[in-house]
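Asks: Residue-level listing of the chains:
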Amino acid sequence: MALSRQDVAKVGLLARLALSDADLDRMTGELSKIVGFVSQLEELDTAQAAPLAHPLDTQNVFRADEPKPSLTTEQALQSTPRHDGSCFLVPAVLGESGAA
Amino acid sequence: MPKQPATAATPEPFTTVIGLEVHVQLLTQTKLFCGCSTTFGRPPNTQVCPTCLGLPGSLPVMNRRAFDLAVRAALALECRITPFTKWDRKNYFYPDLPKGYQISQYDLPFSSDGHLEVVDPKGAFSRRVGIIRVHLEEDAGKSMHDEGAGTGDSRIDLNRAGTPLCEIVSQPDLRSPQEARAWLNELKLLLVYLGVSDCNMQEGSLRVDANVNLHIPLPAEGGGDARVAKTPIVEIKNMNSFRSVERALTYEAARQWEEWQATKVEMGTIPKQTRGWDDPAGVTRPQRQKEESSDYRYFPEPDLVPVTVTEAEIAAARGAMGVPPTALRAALAEKWKISAYDADVLVNQGRELVSWYEDLATRVGEGKVASNWMQQDVLRTLNERGGTIAEFPVTAEQVADIIGRVQRGEFDTSRGREIFAEVLASGKAVADVVASMGIAAVSDDDLVALCKELLAANPKIVADVKGGKEQAAAGLIGQAKKKNPNANPGKVRQTCLDLIKGM
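The listed protein sequences correspond, in order, to chains A and B. Residue numbers are given in our numbering: position 3 of the first sequence equals residue 3, and the series is strictly consecutive. Residue numbers are given in our numbering: position 278 of the second sequence equals residue 278, and the series is strictly consecutive.
Looking at chain A on its own, in the form it has when it is part of the complex (with noise of 0.2 Å):
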């Protein structure tokens, strides 16, 4: 199976990256490549395996709602290349936030 460039494109701006041209091309063929490799699954008859919801055959792990102590501020914010000493900068997002 081969992704074209609008595929590529498309997935690159729903991950808001900067593509250039010779992005686009290499990433077309690169990520093709990978699709391609695991489209080989398509070979197999999968019609009657159920399907896999997580590979470790494990369930129902949970913790208790328990308080745990959180980072300072000053950690939190620590990796990030912008802050005002209480919030990560980013640049002008304007429009709702929350979960969709």
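Derived by calculation from the structure, the hints in this document are not laboratory data. Predicted model only: the values in this text are computed from it and were never measured. Mixed in with the good hints, there may be bad ones.
[As the list claims (entries may be wrong)] Listed below are the simulated DSSO-like cross-link pairs for lysine-lysine, each with C-alpha atoms no more than 27 Å apart in a straight line:
no., chain 1, residue 1, chain 2, residue 2
1, A, Lys10, B, Lys272
2, B, Lys99, A, Lys68
3, B, Lys99, A, Lys10
4, B, Lys501, B, Lys460
5, B, Lys491, B, Lys501
6, A, Lys68, B, Lys142
7, B, Lys460, B, Lys483
8, B, Lys368, B, Lys122
9, B, Lys452, B, Lys491
On the provided structure of chain A, position chain B as indicated by the hints.
Replies: For chain B alone, coordinates are given in the frame of chain A:
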């Protein structure tokens, strides 16, 4: 600006079809996948750790309490709980989503196929609304943009990132903005009663998006059959109160009707639109086109193992659920012989108030009398003062004492109200207030003397009553009250009528 929708007197030429998507924050102490606190209103980025910041190498572990509360919510909404559930990554890029994906549920939500009914206590509507699914997911952080600062930066606070949310998706079963608001009230009441969420909209622990379109019956024409045209579905966001939901839906239905008349554009011919509610302006405005569902590139979350739920666990969750409002309304109406409307008013005030009422009704021995006092005196005062019933300065015992004195004929209900107000204002004991207000039962001799005095002063009323107009005696009661505030109006009336008969 679209015209206001038609009123009930002139039926609308369309049906408004509404479905709601509600997110509620679960009442846990910690986040869904880490031990950071969920306390609201703390300074930015003080409740974050490597897991909820999405730092490399961190791994999520599911909060048991969050899962249990979500199951409780689903059971209360009569959903089927699936024995096997998993989580998925919903990928999208936004600065308040540090991992670049939200852990949510896609094809195997833990529950589905429920319903919640809303019945208008005045009988205007009754609607059973289907629940498509309830699932458990994590919240994003908060981004703030200070336009005044002119820096062009947005500030990101990740305290909320990873907070457990229950997403509740209804069928498009609601048929008016009023129904939608009433249904949301019922949903909120249910979730608060069961301790699932505090549903505080100001703090964002309950958020609502609405999907709405119009179904317009069209007559047969040009040899075709009669059919129903459907306007394109619009999703409305940014509604910060149930009142806003009602207003936004009312506006949007009118806007769609106007647009339909102008364009005749039907559902399926254009992409789904998202519009934001501008509350001060009272209008919806277009927002960015929503990314197509496939753009989220869902895939199973490899960092979380699936969860299984047994029948025994479901039964245990059901047992621990507590009495939901619907059942409580019916139980109160039956036990205390009060109307469905009265039971509705009491239950809608919350579980603490219902306990207070039951305490009062038990002491008084008459549910209806206790309910009247609750609604006319206690609730009215409580609404004026604000606060909860637990903070109310007058106890159920004191109100029962006042009602008992009324029942024994020491004074009438209106005098009882004055005593209630004085107990409330002064904080004194009922007996002391009764004494200080000079309230004493009027003896029969005093009452007869008072009535004789009134009759002598009002020959016209006496003549009218003799002539058959008994209702004329009402004119004497006000005068009696002025002369002796403790005089019981019913007794004054009867005594006067008896005296006139003997004249």
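Asks: Of the numbered hints stated previously, which ones are contradicted by the structure, given in increasing order?
Replies: none
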